[in-house]
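Listed in order, the protein sequences are those of chains A and B.
Following the numbering used here, the numbering of the first sequence begins with 1 at its first residue and continues without gaps.
Following the numbering used here, the numbering of the second sequence begins with 175 at its first residue and continues without gaps.
Quick caveat, the hints were computed from the structure, so don't treat them as lab data.
Where a beta carbon is used, it is the ideal one built from N, C-alpha and C, also for glycine.
Be a bit skeptical, because a hint or two may be false.
Claimed, not checked - Covered stretches of chain A, going by a simulated chain B footprint (3 or more residues, C-beta under 8 Å):
#1 33 to 40
#2 62 to 73
#3 117 to 128
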Amino acid sequence: MSTEQAVRGAIQTHSKRVWRFGLALSGASDVADDLLQATALRALEKHHQVTSYDRLDSWLMTICRSIWLNEIRARSVRKAQALSVTPEAELVAHGPDSETNIFAAQVFTQVMQLPEAQRETVMLVFVEGYSYREAAAMLDVPIGTIMSRLSNARQKLKTVMQHEAGDAVQRSGK
Amino acid sequence: MKFSDETLLAYLEGSLDEAEVHAIEAAVAEDTGLEARLMALDPFAPVVQQVFDDVPAEVPEIDLPAPTPQQYKSGPLRLLAVAASVAVIAVSATFWVTRPKALGWAEQAAIYQSLYSAETIADLDNSPQKLDAQFAQAEAQLGRPLNREVLENLPGLDLKRTQVLSFKGKPLVQVVFADAQGNPFAFCVIRQGPNAPSKAVNLAVLSGLSTATWAKDGYGYMLLGGDRETDLSGELHALTAAFAG
Chain A
1 MSTEQAVRGA IQTHSKRVWR FGLALSGASD VADDLLQATA LRALEKHHQV TSYDRLDSWL
61 MTICRSIWLN EIRARSVRKA QALSVTPEAE LVAHGPDSET NIFAAQVFTQ VMQLPEAQRE
121 TVMLVFVEGY SYREAAAMLD VPIGTIMSRL SNARQKLKTV MQHEAGDAVQ RSGK
Chain B
175 MKFSDETLLA YLEGSLDEAE VHAIEAAVAE DTGLEARLMA LDPFAPVVQQ VFDDVPAEVP
235 EIDLPAPTPQ QYKSGPLRLL AVAASVAVIA VSATFWVTRP KALGWAEQAA IYQSLYSAET
295 IADLDNSPQK LDAQFAQAEA QLGRPLNREV LENLPGLDLK RTQVLSFKGK PLVQVVFADA
355 QGNPFAFCVI RQGPNAPSKA VNLAVLSGLS TATWAKDGYG YMLLGGDRET DLSGELHALT
415 AAFAG
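Required output: the full structure, derived from the provided sequences and hints.
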């Protein structure tokens, strides 16, 4: 398998993850579309640099983030750390249970309202399953920074989750 | 320093004082086993993961240029090379148009495993300390035990390494062995989620390797031999019994 084939394969395999990361960075589906497309083209251009097929997923994520930081975010109005508009909560899958859907939408919104540094860390670790040290390498920060960002994010997520737990107790007590 | 699960949970809940927080964060920076334990205990991660699991609902479309043909150096065979490259373009274009939608985890794992040679695994450090850390991390990621005593006692196989890979966001653990001749042999486990269908053992040659795959209770399993001729029956018997659910 050539590196180009490997990179093409990785782009197809990880397209959902890269798109999702693009959404977390930018807060907008259309920007996530652009970020995924730009990431795929950039990765193909750079396929010669690939020396190991082991972690092409994290390589794609890193490319996506660098395009966001260097080329797209500057153009965006949303220079503040937090997103000014919370993106489409309807992106969250709709199951048959409306209470579950409401909870999922609340968690989604809470994650998207986190400051950018916490948001990208939560996406990489909680959603994509990277370890703290992998996320630290991808975001180029110390592992302690990853852990404290996650601690701060947990404190904010806790309000939604505790509220939900309280509701569940109330419901079951009816 | 040892930390109990209760202390780690208190850290994750944000109820420890600053000194304890620093002690845990400093220890995690030095200890991948502790990192894996902490990650596995995190009650927030699975909730957030599930919410984002189906975002986006559809696989997004990407517009990629056609694959580039092989580059040929100029020389006496140049004309032939040009003709050949035209053929390569045609074949690549056909391949691209008719490419499979997406490879499944087993096909991808077989492609990856087929790149292993005896040299890849010859110098791996399989000291008990290394394996302890690798198993702790792999089991934490998978959320199930890997029956290490079974893996260590497979006849004719020497356990070399366990590593966590990822397929479409799902943890995929690869356990590599060396057979009596030093050739690579592998066992893979992927967490597919509680709704994944169970599948009976299926034998196939994938990427030139003899393989057996099965799925049970939300996990997929795959055994990969060193070549297309490898007889997997002995290992398969032990592993299907050990990983019956």
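Going down the list of hints, with the structure as the test:
{"no.": "1", "hint": "33 to 40", "in the structure": "holds (count 4)"}
{"no.": "2", "hint": "62 to 73", "in the structure": "violated (count 0)"}
{"no.": "3", "hint": "117 to 128", "in the structure": "holds (count 6)"}
Checked against the numbered hints given earlier, the structure breaks only hint 2 and satisfies all the rest.
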